[in-house]
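Colleague: Sequence:
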Amino acid sequence: MTLQVTNTLTGEREPFEPQDPESVLLYYCGLTVSDFAHLGHARSWVHVDVMHRWLEHLGYDVRHVENFTDVNEKIVARVGEDDLGESESEVARHFITEVLEDMRSLNLLRAEVYPRVSEHVPEIVDLVETLVEKGYAYESNGSVYFDVTEFEDYGKLSNQKIEEMEAQGEEDERQEKRHPADFALWKAGEAHPDDADPGGETWNSPWGEGRPGWHIECSAMSMTHLDETIDIHLGGQDLVFPHHENEIAQSEAATGQQFAKYWMHVRLLETGGEKMSSSLQNYFTVRNAVEEFGTDAIRMFLLSTAYNNRQTYSEETLQEAVERWERLERGYDRAVEAADSVDARTKVEDEDLRTAVAETREEFTAAMNDDFNTREAITALLDLTSAVNVHLDERDEYDYQALCDAVETFEEFGEDVLGFALAGDAEGEVEILGDVVELVLNVREQERDAGNYERADELRDELEALGVEVQDTDDGPTFRLE
RNA sequence: GCCAAGGUGGCAGAGUCCGGCCGAACGCAGCGGCCUGCAGAGCCGCCUACCGCCGGUUCAAAUCCGGCCCUUGGCUCCA
1 MTLQVTNTLT GEREPFEPQD PESVLLYYCG LTVSDFAHLG HARSWVHVDV
51 MHRWLEHLGY DVRHVENFTD VNEKIVARVG EDDLGESESE VARHFITEVL
101 EDMRSLNLLR AEVYPRVSEH VPEIVDLVET LVEKGYAYES NGSVYFDVTE
151 FEDYGKLSNQ KIEEMEAQGE EDERQEKRHP ADFALWKAGE AHPDDADPGG
201 ETWNSPWGEG RPGWHIECSA MSMTHLDETI DIHLGGQDLV FPHHENEIAQ
251 SEAATGQQFA KYWMHVRLLE TGGEKMSSSL QNYFTVRNAV EEFGTDAIRM
301 FLLSTAYNNR QTYSEETLQE AVERWERLER GYDRAVEAAD SVDARTKVED
351 EDLRTAVAET REEFTAAMND DFNTREAITA LLDLTSAVNV HLDERDEYDY
401 QALCDAVETF EEFGEDVLGF ALAGDAEGEV EILGDVVELV LNVREQERDA
451 GNYERADELR DELEALGVEV QDTDDGPTFR LE
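Last residue of the first sequence? That's 482 in the numbering used here, and every number before it is there in order.
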């Protein structure tokens, strides 16, 4: 069973075969750091994170590079706003810090490198020079443009014909271009006083002062940190055209090599009719979402739809994800507690549970290999949850070995691959807190034994208000910290 | 106008590439039951599917082919 992936380049599902059978070169088009990250960014991140994790699970050494675009007019536009910073680079640095924090809050595996455009201007200039030398680009008024008519395959990623394309770029630069679809590789800084907002940095180049174009950065950084040909290039669906189309053109024109073997695009998170207006924007930030629903519920929400299918955000779908996550977590907790309670030498065997564990492993693997079908993968884990629950509810004696296998499966797939925090952070503070709760529950048991249920219920309600969910069982009370 | 993706139960959402295990998964909401001092969790059952419409291919179609209707996303910086 091998991994199959959908390649935007061919539009088909193909067997995944990296150039080097041992490793995968992966580049992800990251954010333009002019604002906080929102749930849509989280969708891409979490899916790419799970792809990364699954590739590692399959044994590949994954070299993951994700850029930050820190040179952009949108960043310049915010210079001086509030306390964001007094220059383009200060504003960018501010948001990079915030965005990295958001990424950590989503429990994303770190990339190997997070390159920034401002640190790669020499490489960008070199690349542009190469393109000019080879006749794929021309200088005009201090700016340099890529000549799309010189690159035979232009349009192959987005399936478009040059003649049918709308002009790219601002109105005033169209005058300088030979073909409307030509795009800027280097933009003169002084030739456009209107664009040259104060605070926007410029660099020296063979064509005078200026700034890198909007697409050349990723080509330069991908080649610098990975190779001329990489295995997977990822990004949001919205980047297919023009961004990735242009990356292919300029990269392949410069090197004569294929730029990326597999192009994969995460479909955009939709909002169900309502536009992502600025008034709603705040609510959609990663920060607010994680704070309100928790990392695991957010991951559950985002992974409950395959990366290349449409997903609509709504209060209801998010709430459903919370329930799905809690069901999974409870199942895991029950399995762990049950396994801990059983004598390891027990001879009890439950064929149903053992079969369920085996099927879960098989189905999870098949789902992930089938173009990273995270929805089906989660389904497999929830099926295991049901099997564990049935086993614990219907059996008087537990199957120690099967429970251990179930726990291991939850951890291997749920934690390592899907990135959930099943075992939680059982650190000092949490342990002490648990002991305190235990103490209160003992008191409550005394009240219950004395038939003083009113007081017992009060204690339960008060604990719940503090985020401690109490559950009475045959074996005494149990609790969960929310 | 161009490019692309879709229309499956109350909601949400797999399955469609490689037709039969789909008499349609997993879950959420709701209802009934078991358990329970109560509640919750869990378990069992139901609501619950003529798989957008019409026609074709086939022993067999949600899945393949043709036509039609409708929806959504992108095409400007955008994950």
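Wrong hints could be hidden among the right ones.
[Claimed, not checked] Here are the computed lysine-lysine pairs in the DSBU-like style, where the Cα-Cα straight-line distance is at most 30 Å:
(1) LYS261 / LYS347
(2) LYS134 / LYS261
(3) LYS156 / LYS261
(4) LYS156 / LYS134
(5) LYS134 / LYS161
Calculated directly from the structure, the hints in this document are not laboratory data.
Colleague: Against this structure, judge whether each hint is valid.
Modeller: Hint-by-hint comparison with the structure:
1. LYS261 / LYS347: 52 Å, violated
2. LYS134 / LYS261: Roughly 23 Å between the alpha carbons, so the hint for LYS134 and LYS261 holds.
3. LYS156 / LYS261: Within the cut-off at roughly 13 Å; holds.
4. LYS156 / LYS134: 21 Å, holds
5. LYS134 / LYS161: 23 Å, holds
Violated hints amount to a single one, hint 1; each of the other numbered hints is respected by the structure.
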